[in-house]
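Chemist: For the protein sequence lines, the chains are A and B, in the order given. Just so we're aligned, residue 0 is where the first sequence starts under numbering that gives the first Met the number 0, counting upward by one. Just so we're aligned, residue 0 is where the second sequence starts under numbering that gives the first Met the number 0, counting upward by one.
Any given hint might turn out to be false.
On the chain B side, residues computed to face chain A include the following (Cβ under 7 Å) [unchecked claim]:
#1 P126
#2 A128
#3 Q139
#4 G153
#5 K288
Ranges of calculated distance between the beta carbons of each label pair, as one might list FRET restraints [claimed, not checked]:
#6 B:Q68 x A:G451: 49 to 57 Å
#7 A:A413 x B:L168: 51 to 59 Å
#8 B:M158 x A:K43: 51 to 59 Å
#9 A:D289 x B:R401: 46 to 54 Å
#10 A:P119 x B:M158: 48 to 56 Å
#11 B:L136 x A:G98: 24 to 32 Å
#12 B:P6 x A:V452: 17 to 25 Å
#13 B:R202 x A:D16: 54 to 62 Å
#14 B:M158 x A:D16: 45 to 53 Å
#15 B:L136 x A:N288: 18 to 26 Å
#16 B:L136 x A:D289: 47 to 55 Å
#17 B:G18 x A:V308: 36 to 44 Å
#18 B:K201 x A:D289: 53 to 61 Å
Read the hints as simulated data drawn from the structure, not as lab findings. Since the structure is predicted, the reported quantities are computational estimates derived from the model, not experimental observations. All C-beta atoms in this analysis are idealised placements derived from N, C-alpha and C, irrespective of residue type, glycine included.
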Amino acid sequence: MLGAGPGGYAAAFYAADLGKRVLLVEQEKKLGGVCLNCGCIPSKALLHASNIMAEARESAHRGILFDPPRLELDKLRAWKNGIVDKLAAGVGFLAKKRGVQVLTGRGYFEGSQSLRVETPEGQQFVTYDKAIIAVGSKPALPKVFDLGNPRIMTSTEALEVEEIPADLLVVGGGYIGMELGSVYANLGSKVVVVEALAGILTGADPDLIRPVLQSAQKRFRELRFNTKVTQMSSKGRKIRVVTEGPDKVEKEELFDRVLVSVGRVPRFHDLGLENTKIEQDERGFIKVNDKMQTDDPALLAIGDIAGGVMLAHKASKEARVAVETIVGEPSTSAGVVIPAVVFTDPELAWCGVTESEARAQGMEFEAAKFPWGASGRALTFDRTDGLTKLIVDLATERVVGVGMVGHGAGELIAEGVLAMEMGATVRDLAESVHPHPTLSETIMEAAESFYGVATHTFSPKKREE
Amino acid sequence: MDLKLPPLGEGVDSGSVVGILVREGDQIAKGQGIIELETGKAVAPVPSPAAGKVTKILVSLGDKISVGQAILCLEGNASAAVKPAAPAAPVARPVRPAGPAKAAPPPQQEPEAGVGAQDEPAEDAPPPAASPTIRRLGRQLGLDLRRVRGSASGGRIVMEDLRAYIQRLQHLASQPRAATSATASKPAAPSIDFAKWGAITKRPMTPLRKAIATHMSESWQATPRVTQFDEADITALNEMRATRAGAYEKKGARLTLTSFALKIVAGALGRHPVFNTSLDEAADEVIYKEYFHIGLAVDTEQGLIVPVLRDVDKKDILTLCKEMNDIAAKTRERKISLEEMQGGTFTITNQGGIGGGHFTPVINRPETAILGLGRGALKAVVREGKIEPRLMLPLALSYDHRVIDGGAAVRFMLDLVKGFEHFDEQQLV
C-alpha cells in the first residue's frame with residue numbers, strides 16, 4: 000500500500016482482514032492522509048466550532064443572549080489538532096492490531112514489483128506481489144500565486160489557522176473555498192470570494208446552490224463571479240491582488256491573506272511510475288479499469304490518484320474493490336452511487352443524477368421537491384433555508400437522483416444513497432415511515448409530492464397510481 | 000381493437016407475412032384467416048379470434064412480425080384479445096421440416112416468475128434494479144442480471160427472482176436435446192469483415208433456410224453417418240418406363256424413375272426393417288415402424304422441402320405417381336402443410352432430374368437412413384466378358400451407424416440394386 004489516506008489505510012486493513020501480508024508505506028509520520036490531517040477532519044472540526052459564533056449571534060432573537068463570543072485561537076487550534084492526533088493514532092492502532100506493517104518514508108517505484116522507500120533512517124527496498132497506489136492529490140497552486148509567501152495559503156495552511164486575517168481573499172468558489180471561507184468569516188475575517196465561473200459550487204443544481212449562496216452573501220463581504228486573478232504580489236505584510244471581472248476592468252486590492260482553492264492535482268511526480276507499465280492520462284491521473292487495475296498487472300490504483308471525483312469515500316470504496324480484485328472476488332466500482340457533500344451552512348448534498356444532468360441527457364424524469372419552509376422541524380431550528388429534491392425516472396418510477404440543501408443535508412443524503420442502491424421507487428420512499436418531527440421527513444414528503452399528496456404542501460397532480 | 004400475433008409455440012417467436020387475406024373495410028367472421036404467415040417451412044393462415052370490420056391493416060407483404068405484434072385493427076365485437084394458439088389451432092407449428100412430433104413437451108409455457116423479459120438483453124440496457132447484495136451474488140454466480148426479470152416494485156430483482164431464474168435454467172438444460180435445440184441461443188459469430196477482400200452482398204436467411212440449416216446441423220451432429228455407394232443397371236427399367244409412360248399419361252400420371260424407386264425402396268425396407276427405424280436416445284430404444292411413409296426431397300425455389308408419401312407399400316404405382324405429382328406441385332407452390340411433411344420413415348433424394356452422380360445425403364432426422372439417386376448415364380460395363388454400354392444409376396445410401404452396421408448396409412444396398420435391375424413389370428399394370 001503506497002499512501003495511508005482514506006483509500007490507503009482502508010485497503011491495507013481490508014487486505015489484512017482477508018489474510019494478506021500488508022506493508023503500508025506513508026511519507027508522513029502520521030497516518031490518515033490529507034483527509035485526516037489537512038482536509039476533511041480538521042475542516043469539519045473548524046466548521047463546527049466556528050459555526051457556533053454565528054449561532055451565538057442568532058440566538059438572541061430566541062431570547063437566549065450571549066456576550067459576543069471571544070476567540071482563543073491557540074485553544075481552537077489545539078482542539079482541532081487534538082482531534083487529528085487522536086484519529087491518526089487510532090489508525091496507527093488499528094494497523095498494529097491487524098498486523099499491518101507500517102513504513103514511514105517516500106516510495107519510488109524501481110520496477111513493477113519493487114519499491115525504494117526513502118526513510119529517515121535511510122533507503123529500504125521492498126518487493127511485493129501486488130501494490131495499490133493511493134498517493135492522493137494536493138492543492139493546485141498555479142504559478143501566478145506561487146510566491147513563496149506564507150500569507151498565500153492553500154487549504155493545508157488555512158487549516159492551521161495561524162491567524163484570523165482581517166481581510167481574506169478566497170480564490171475559487173468550489174467546496175473548499177466556500178467551506179474554509181465560511182470558517183474564516185465565522186471567526187471574524189471579511190471574506191471576498193473570486194470565482195472565474197458564473198457561480199459557486201458548479202456542478203450542483205442551481206435551486207440547491209441558492210440557499211448556500213444567500214447565506215454566504217450574508218456572511219462574506221462579497222462574492223464575485225466571472226472574475227479572474229491576474230496578478231498577485233507581496234506588499235509589506237499584505238498581498239496585493241489584481242482581479243479582472245466580466246466588465247474587463249482591473250481592480251487592485253490589498254488583503255491580509257489569500258486562500259488559493261482552485262482545485263486539486265494528482266500527486267504523480269517523482270513516483271517512478273515510468274519504471275512500471277502504468278499509463279496515465281494527460282493530467283497525470285493513473286488510468287484504471289472498473290476493478291481499479293492499472294496497465295501494470297502488479298499494480299492497482301485508487302482514490303484521487305486514479306481520477307474521478309476526488310472524495311474520501313470514493314477512495315475507501317475503491318479500496319474495497321481493489322482488495323477484492325486482488326483476492327479474486329468479482330468486484331467492480333461501476334454503478335456505485337457516490338454522494339457528494341458540501342459542508343457549508345446550509346449544507347449541500349446530492350447523489351445520483353442532478354436535475355441539470357437529467358435534463359441534458361434527455362431523460363424522461365420528474366423532480367419531486369419539498370421545500371423546507373413546509374417542514375415543522377426545520378422551523379424549530381430556524382433553518383427553513385432548505386430543499387429536498389428527488390429525481391424520478393418516469394419509465395420505472397425509480398429514484399435516480401437525490402439532492403438536498405439545508406441543515407444536516409450531509410447526514411440525510413445517506414438515505415438517498417441507500418434508496419438508489421436498492422433500486423427504490425419513489426413509492427418505496429413515500430411509503431416508508433419517517434419519524435416526526437425530523438428533517439428526514441422531507442425525503443418522504445418529496446416522494447409523496449410526486450403523487451401530489453404530500454401532507455404539508457399543496458401541489459395536487461392528475462396522476463394515476 | 001388490435002389483433003395481435005398469438006404465440007406460435009415451440010420457441011418460435013416470429014414469421015414472415017406471405018399473404019394478406021383481407022382488405023380494409025371487409026367484414027370478417029371469427030376464425031377467418033387474416034394473414035398467411037411463413038414460419039420455418041410451413042405457411043399457414045392466422046385466424047381472427049373475433050368477428051368484426053377490418054378498419055386498418057398494419058402489416059405488409061414480406062414483413063417480419065413477432066408474437067404480440069399488432070396485425071390489424073378490428074371494429075366490432077369487443078372480444079378478448081387473440082388467445083394463445085392451442086396445439087390444435089390452424090396456426091402453423093414451425094421448425095421441423097419433415098420431423099415427427101417431439102418426445103418432450105415444448106418448453107414454451109414457463110412459470111412467470113424469474114423468467115427473463117427477453118433472452119438477449121439490448122446491449123445498452125440500463126443496469127437492472129437490484130440491491131448491492133443481489134448484484135454481488137450475480138457477479139459471483141456469473142449471471143447477467145439484465146436477463147433476470149425483477150418481480151419487486153419497479154422491476155427490482157430480489158432473491159426469489161434469482162432463484163426462479165436459476166431453476167428455469169436448470170429445467171431448460173435438462174430437457175432432451177430435441178427440445179433444447181429450439182431454445183438454444185445462437186453461438187456468437189466470429190466477426191469477419193468479408194468486404195475487406197472485395198465487394199459483397201448480404202442476404203438475410205429466410206425462415207425456410209434457417210429451418211433447413213437447423214435440421215441439417217442437428218442431423219450432422221447427432222448421427223455417425225456412413226454413406227454406401229453403388230450403381231444399378233437400369234437399362235431394362237428405363238425401357239419399361241418408356242413403354243408405359245404413354246399409358247400412364249393418359250391416366251393423368253407421370254411415370255418417372257422416382258415412381259419405381261418408391262416401390263423398390265418400400266420392398267427393400269420390408270425385408271430390411273432396420274432401415275425403417277428411429278433411435279430414441281433418451282430411452283435407448285430403436286423403434287421399428289410397421290408402416291412405410293417415404294419422404295421425397297423436392298427442390299423448390301426457396302430451398303429443400305421433403306413432403307411424405309404415406310403407405311407406399313400399399314399403393315400401386317399409378318396411385319403413387321399421381322400422389323407424387325400432386326405433392327410435388329403443392330410443395331413448389333408452398334401450399335404443403337406441416338402434417339404432410341411429418342411421419343416419414345425413410346427419404347429418397349433424387350438429383351437425377353437435374354444431374355449429378357454419387358453424393359453423400361444427410362439423413363433426414365429422426366430417420367436412420369436416406370437414399371440418394373444420381374442421374375442415370377450410359378457407361379461402359381463388363382457383362383459376361385464383353386464391354387457393353389448400359390444405363391447406370393448412381394446410388395448413395397447414408398445410414399446412421401448407431402443403429403445400422405456396415406453388413407446390413409451392404410445387404411440392403413444389394414437388395415436395392417436387385418430391385419432396380421430386376422423390376423417386376425407386373426407391378427406396372
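Chemist: Work down the list of hints and note, for each, if the structure agrees.
Modeler: Status of each hint after checking the structure:
1. For P126 of chain B, the interface hint holds, since its Cβ comes within 7 Å of a Cβ in chain A; the closest pair sits about 5 Å apart.
2. At about 3 Å, the closest approach between the beta carbon of A128 of chain B and any beta carbon in chain A falls short of 7 Å, and the interface hint on this residue holds.
3. Restraint check, Q139 of chain B versus chain A: the minimum CB separation of about 6 Å is within 7 Å; hint holds.
4. About 4 Å separates the beta-carbon of G153 of chain B from the nearest beta-carbon of chain A, less than 7 Å, and the hint is met.
5. About 53 Å separates the beta-carbon of K288 of chain B from the nearest beta-carbon of chain A, more than 7 Å, and the hint is not met.
6. Range check, Q68 of chain B to G451 of chain A: Cβ separation about 36 Å, and the 49 to 57 Å hint is violated.
7. Distance hint check for A413 of chain A and L168 of chain B: the Cβ-Cβ separation is about 37 Å, which falls outside the suggested range of 51 to 59 Å.
8. In this structure, M158 of chain B and K43 of chain A break the distance hint of 51 to 59 Å, their C-beta atoms being roughly 39 Å apart.
9. Evaluation of the 46 to 54 Å hint for D289 of chain A and R401 of chain B yields a pass: the beta carbon distance comes to about 49 Å.
10. Checked against the hint of 48 to 56 Å, the C-beta distance between P119 of chain A and M158 of chain B comes to roughly 54 Å, which is consistent with it.
11. Here the CB-CB span from L136 of chain B to G98 of chain A is close to 31 Å, well matched to the stated 24 to 32 Å.
12. One distance hint, 17 to 25 Å for the beta-carbon pair P6 of chain B and V452 of chain A, is violated here, with the actual separation near 40 Å.
13. Between R202 of chain B and D16 of chain A the C-beta distance comes to about 60 Å, which sits within the given range of 54 to 62 Å.
14. At about 26 Å, the CB distance of M158 of chain B to D16 of chain A disagrees with the hint of 45 to 53 Å.
15. One distance hint, 18 to 26 Å for the beta-carbon pair L136 of chain B and N288 of chain A, holds here, with the actual separation near 22 Å.
16. Checked against the given bound of 47 to 55 Å, the beta carbons of L136 of chain B and D289 of chain A, roughly 18 Å apart, lie outside it.
17. Here the CB-CB span from G18 of chain B to V308 of chain A is close to 60 Å, at odds with the stated 36 to 44 Å.
18. With their beta carbons about 35 Å apart, K201 of chain B and D289 of chain A fall outside the hinted range of 53 to 61 Å.
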